[in-house]
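Below, each chain spelled out in residue letters.
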Amino acid sequence: MTDLALRSWRSGAKPDYFASRARGPVLSENRNRRPLETARTRLLVAGAVFALCFAVLGSRIIDLSLLGGADANRPTAHAPTATLTLARADIVDRNGTLLATNLPAPSLYVDPTMVLDAEEAADKLRAALPELDRDTIIQRATAGGRFVWIKRNLTPNQHYEINRLGLPGFGFVREERRVYPHGPLFAHALGFTGVDNHGLSGLEKAIDEALSDPTEARRAPVALSFDVRVQHALHDELSAAVADFRAKGAAGIVLDVDTGEVLAMVSLPDFDPNAPTLNTAAAHFNRASLGVYELGSTFKTFTTAMALDYGVVGLNDGYDATKPIRIAGYAIRDDHPKNRWLSVPEIFVYSSNIGAAKMAADVGTTRQRAFLDKLGMFAPIAIELPETGRPLTPKHWREINTLTVAFGHGIAVTPLHLIDGFATIVNGGIRRAPTLLKRDLDAPTDGTQVIRPETSAIMRRLLHLVVTDGTGKQAAVAGYLVGGKTGTAEKAVNGRYKNNALLSTFVAAFPMNAPRYAVLAMLDEPRGNESTFGFAGAGWTAAPVVGRVISRIAPLLGVEPVNEEIAPGRNDLVVHINGRSRQLASF
Amino acid sequence: MSSFSRTDTSVLGRWWWTVDRWALVALILLIGIGAILIMAASPGAAARMGLDPFHFARHQFVFLAPAIVVMLLASVMTPIGVRRTATIGFVVGLILLAATLLFGAELNGAKRWISVAGLTLQPSELIKPSFAVVAAWMFAEHKNNAAFPGHWVATLLFILVAGLLIFQPDIGMTFTVTAVWLVQLFLAGLSLLWIALGAAILVGAIAAAYLLLPHVASRVDRFLDPASGDTYQVDTSLDAFRNGGLLGRGPGEGVVKNLLPDAHTDFIFAVAGEELGVFACLAIVGLFAFIVLRGFSRVVREANLFVVLAVAGLLTQFGLQALINMGVTVRLLPTKGMTLPFVSYGGSSLLATALGMGMMLALTRRHVSHRGLLV
Numbered sequence: 001m002t003d004l005a006l007r008s009w010r011s012g013a014k015p016d017y018f019a020s021r022a023r024g025p026v027l028s029e030n031r032n033r034r035p036l037e038t039a040r041t042r043l044l045v046a047g048a049v050f051a052l053c054f055a056v057l058g059s060r061i062i063d064l065s066l067l068g069g070a071d072a073n074r075p076t077a078h079a080p081t082a083t084l085t086l087a088r089a090d091i092v093d094r095n096g097t098l099l100a101t102n103l104p105a106p107s108l109y110v111d112p113t114m115v116l117d118a119e120e121a122a123d124k125l126r127a128a129l130p131e132l133d134r135d136t137i138i139q140r141a142t143a144g145g146r147f148v149w150i151k152r153n154l155t156p157n158q159h160y161e162i163n164r165l166g167l168p169g170f171g172f173v174r175e176e177r178r179v180y181p182h183g184p185l186f187a188h189a190l191g192f193t194g195v196d197n198h199g200l201s202g203l204e205k206a207i208d209e210a211l212s213d214p215t216e217a218r219r220a221p222v223a224l225s226f227d228v229r230v231q232h233a234l235h236d237e238l239s240a241a242v243a244d245f246r247a248k249g250a251a252g253i254v255l256d257v258d259t260g261e262v263l264a265m266v267s268l269p270d271f272d273p274n275a276p277t278l279n280t281a282a283a284h285f286n287r288a289s290l291g292v293y294e295l296g297s298t299f300k301t302f303t304t305a306m307a308l309d310y311g312v313v314g315l316n317d318g319y320d321a322t323k324p325i326r327i328a329g330y331a332i333r334d335d336h337p338k339n340r341w342l343s344v345p346e347i348f349v350y351s352s353n354i355g356a357a358k359m360a361a362d363v364g365t366t367r368q369r370a371f372l373d374k375l376g377m378f379a380p381i382a383i384e385l386p387e388t389g390r391p392l393t394p395k396h397w398r399e400i401n402t403l404t405v406a407f408g409h410g411i412a413v414t415p416l417h418l419i420d421g422f423a424t425i426v427n428g429g430i431r432r433a434p435t436l437l438k439r440d441l442d443a444p445t446d447g448t449q450v451i452r453p454e455t456s457a458i459m460r461r462l463l464h465l466v467v468t469d470g471t472g473k474q475a476a477v478a479g480y481l482v483g484g485k486t487g488t489a490e491k492a493v494n495g496r497y498k499n500n501a502l503l504s505t506f507v508a509a510f511p512m513n514a515p516r517y518a519v520l521a522m523l524d525e526p527r528g529n530e531s532t533f534g535f536a537g538a539g540w541t542a543a544p545v546v547g548r549v550i551s552r553i554a555p556l557l558g559v560e561p562v563n564e565e566i567a568p569g570r571n572d573l574v575v576h577i578n579g580r581s582r583q584l585a586s587f
Numbered sequence: 001m002s003s004f005s006r007t008d009t010s011v012l013g014r015w016w017w018t019v020d021r022w023a024l025v026a027l028i029l030l031i032g033i034g035a036i037l038i039m040a041a042s043p044g045a046a047a048r049m050g051l052d053p054f055h056f057a058r059h060q061f062v063f064l065a066p067a068i069v070v071m072l073l074a075s076v077m078t079p080i081g082v083r084r085t086a087t088i089g090f091v092v093g094l095i096l097l098a099a100t101l102l103f104g105a106e107l108n109g110a111k112r113w114i115s116v117a118g119l120t121l122q123p124s125e126l127i128k129p130s131f132a133v134v135a136a137w138m139f140a141e142h143k144n145n146a147a148f149p150g151h152w153v154a155t156l157l158f159i160l161v162a163g164l165l166i167f168q169p170d171i172g173m174t175f176t177v178t179a180v181w182l183v184q185l186f187l188a189g190l191s192l193l194w195i196a197l198g199a200a201i202l203v204g205a206i207a208a209a210y211l212l213l214p215h216v217a218s219r220v221d222r223f224l225d226p227a228s229g230d231t232y233q234v235d236t237s238l239d240a241f242r243n244g245g246l247l248g249r250g251p252g253e254g255v256v257k258n259l260l261p262d263a264h265t266d267f268i269f270a271v272a273g274e275e276l277g278v279f280a281c282l283a284i285v286g287l288f289a290f291i292v293l294r295g296f297s298r299v300v301r302e303a304n305l306f307v308v309l310a311v312a313g314l315l316t317q318f319g320l321q322a323l324i325n326m327g328v329t330v331r332l333l334p335t336k337g338m339t340l341p342f343v344s345y346g347g348s349s350l351l352a353t354a355l356g357m358g359m360m361l362a363l364t365r366r367h368v369s370h371r372g373l374l375v
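Chains as they are written, first to last, in this note's numbering: chain A, 1 to 587; chain B, 1 to 375.
Hints in this document: simulated from the structure, not taken from any laboratory. Computed from a predicted model, the values in this text were never measured in an experiment. Where hints are given, some of them may not hold.
To be verified - One side only, chain A facing chain B, incomplete, derived with CB under 7 Å:
(1) Arg40
(2) Ala48
(3) Ile61
(4) Arg496
(5) Tyr497
Unchecked claim - Okay, the calculated beta carbon distance ranges per label pair:
(6) A:Pro168 to B:Val203: 38 to 44 Å
(7) A:Pro168 to B:Asp52: 16 to 22 Å
(8) A:Pro168 to B:Met49: 47 to 53 Å
Built from N, CA and C at the ideal position, the CB exists for glycine as well.
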């Protein structure tokens with residue numbers, strides 16, 4: 001509304017202060033004094049409120065700046081130190097011992113657009129990171145783009161040193177590095193991770209998704225079936241044997257026969273997963289789960305169990321082992337020839353190839369294959385490892401194959417296959433898939449019955465007999481009732497067996513009256529030494545390893561030793577041999 | 001300047017002897033402090049937007065001299081001149097405000113800016129002081145002449161302005177205009193019964209808003225319990241004051257301004273807290289308080305109701321905006337986008353505040369009243 005409009009509205013006799021304009025810029029006094037008085041009083045109120053507000057504001061500023069502003073509602077951790085959030089779950093053994101974890105390892109990058117002097121930066125950087133190449137740094141610091149890696153996974157010291165240089169354009173990315181506190185001890189089982197912290201081999205690769213799962217579940221470490229103490233004992237004894245017998249390599253496994261949990265798995269030579277690239281491919285090869293081998297006489301365990309379980313032979317039956325079997329141009333001989341009729345226990349205990357072959361022949365090819373298939377000998381073992389070997393089996397299963405497979409030739413499986421099948425034979429005949437993860441004790445472990453429990457009981461006696469009277473005497477451990485089977489195989493090189501390149505294996509379980517753990521030791525090309533009188537066979541090389549391992553781990557695992565002379569149930573292990581009055585085994 | 005003799009009756013001479021020189025000095029000081037702070041806060045904000053470091057400082061400085069000139073020119077005006085200027089400003093402002101809704105450029109989801117002859121203007125800034133004066137006129141006129149429904153006209157104008165502002169939307173500006181209108185209504189003698197009723201309705205409305213509108217509840221909750229939501233700006237602002245302490249880190253030495261997105265506008269007081277310290281902050285608060293309270297005290301003895309209401313309206317708008325801005329910065333009040341008069345970055349705001357304070361100075365000049373006496 002303008003003055004003009006207002007004036008036209010204000011026509012009339014009312015006092016018009018616009019009429020008094022001649023008197024200067026003076027506005028008319030209010031006719032009514034009351035509104036002015038009210039306005040003045042209320043103006044004081046408004047002024048007081050303003051004054052109060054300004055005073056409050058002033059005191060708040062003093063409080064805040066000088067006293068920190070005691071603010072009860074303010075979150076105390078307003079500038080928290082960065083919480084350590086790990087991108088990959090830890091791995092622990094069955095008792096919670098740390099096997100793999102992460103450490104913060106910042107990585108250095110360069111933003112070339114912000115580098116002032118690439119050459120100076122390169123010279124300074126090389127003081128902290130001498131392994132870097134000067135030209136490479138300059139090239140990267142002058143490259144296009146805004147992000148080029150310089151060095152991944154720095155140590156805290158390097159991080160500090162580089163930070164101290166204060167080079168513009170160089171920055172850090174928070175990263176983590178996988179660390180294996182036990183070094184090479186679990187090399188093949190755990191595997192290792194790459195620079196982006198994802199698994200490249202072993203368990204780290206097999207369960208990579210679970211380990212790097214970004215949900216809540218990953219905060220909990222993954223518990224393995226391994227026991228670091230057992231692993232160490234096995235690793236230690238195998239390493240000593242490799243040194244003693246100048247073997248090319250070795251493999252060893254300890255398995256819980258009832259749950260299928262792998263307590264230890266060693267493959268030699270090994271490597272340090274903390275620096276995996278320093279070793280050759282041979283060191284990365286997992287002989288325990290990936291390598292397939294003709295494991296020789298250890299297979300007689302399966303042949304004998306098969307023949308007994310099918311009812312083809314009884315303990316009192318036997319075969320003539322006076323003459324080698326000649327078939328298809330080959331001759332099957334015994335390594336320890338007795339040149340007489342042998343009972344089934346004798347065939348097993350003295351490891352007669354002829355006897356085993358004849359047993360298998362009586363069982364027949366079809367049933368033999370079905371049996372081995374049920375034992376899992378034809379398929380890769382389903383275990384939490386990417387490195388699992390597929391068994392080599394005869395393409396055309398002829399009679400000769402039936403005979404040779406009976407004593408472990410013409411079929412190549414991994415040591416893991418062997419100990420898995422062995423556990424099945426001794427645990428009452430139930431096959432369970434082996435695992436590297438700790439089993440829930442309450443959860444039932446399903447398995448398939450492969451042989452009858454009675455057959456398993458007989459096999460336990462026979463296996464114990466091998467240790468008390470046969471080829472596995474050196475695996476005996478007082479009080480722990482070890483039972484096992486030797487296997488000395490000549491390695492096939494270029495299609496021909498070499499008699500000076502052996503693969504010596506011993507697979508055992510203990511205590512044999514109620515087996516709990518199976519132990520396997522395999523030596524690749526051991527050479528006899530003075531203590532073995534030059535012999536390199538399994539009984540001389542692999543069996544002692546198993547014996548020593550058992551003597552070390554049995555107390556750790558809580559297996560109570562028994563007095564073998566007075567042990568109750570000793571008759572369980574007695575084997576009567578047909579046609580002879582003496583007992584072959586007293587326990 | 002003291003060369004003006006008491007008897008000098010030229011325009012300038014009269015101005016010098018009648019104007020509130022203390023308030024004038026305070027206002028000039030405030031403008032000076034604003035210039036220093038905008039230089040401190042500019043580089044951080046400019047770097048975030050990829051502008052040249054002193055972009056904001058330079059822009060503000062362009063408006064600095066015109067603002068002082070506008071204030072001084074306005075303060076020379078007579079009360080009638082003030083009223084005319086305000087009325088013209090109000091009409092122009094209303095037209096521009098309506099035009100903004102139609103042709104304005106949208107920024108952050110609100111249409112507040114309009115381009116006139118190459119200049120980007122915020123018409124709502126012009127409306128603020130003009131409305132205070134025009135509404136005061138209407139209220140006073142009603143008291144002078146009961147037959148003239150001035151209070152209804154003022155209320156109608158208020159609804160018109162508030163409606164246009166809400167449509168932008170600019171809640172902060174709406175709030176300021178509302179406060180001016182309410183204070184004038186109060187001073188103009190609104191009966192205590194109505195005030196009590198209004199207070200009751202206000203409390204009821206606030207309670208209803210809290211209970212019924214989730215976003216209001218969230219804002220209030222966040223204010224009452226900072227841990228419950230994003231209070232980044234306010235938390236950072238509080239850190240600025242803690243960093244500053246008694247004497248501050250020194251001009252240009254602050255670091256918080258680099259973290260505060262609105263360091264050059266709504267949170268410029270935090271920059272002052274960090275760089276200049278408690279004494280400077282108290283001085284700024286003191287300057288605002290001095291200007292407001294001195295203005296009030298000068299018009300308490302004023303015989304003309306229009307002058308009382310207009311000055312009270314202008315100072316309420318000025319003081320309330322300062323109080324809310326600084327209150328938010330030190331977390332006395334929930335976050336509300338409001339600039340600090342004369343200090344925050346913004347050309348339109350600077351010019352409009354200068355106009356408003358110039359009119360305030362003009363109205364508080366000692367002048368001959370109806371009775372021919374100097375008050």
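Next item on the list: Could you work out which earlier hints the structure fails to respect and list their numbers in ascending sequence?
Entry: 2, 4, 5, 6 and 8
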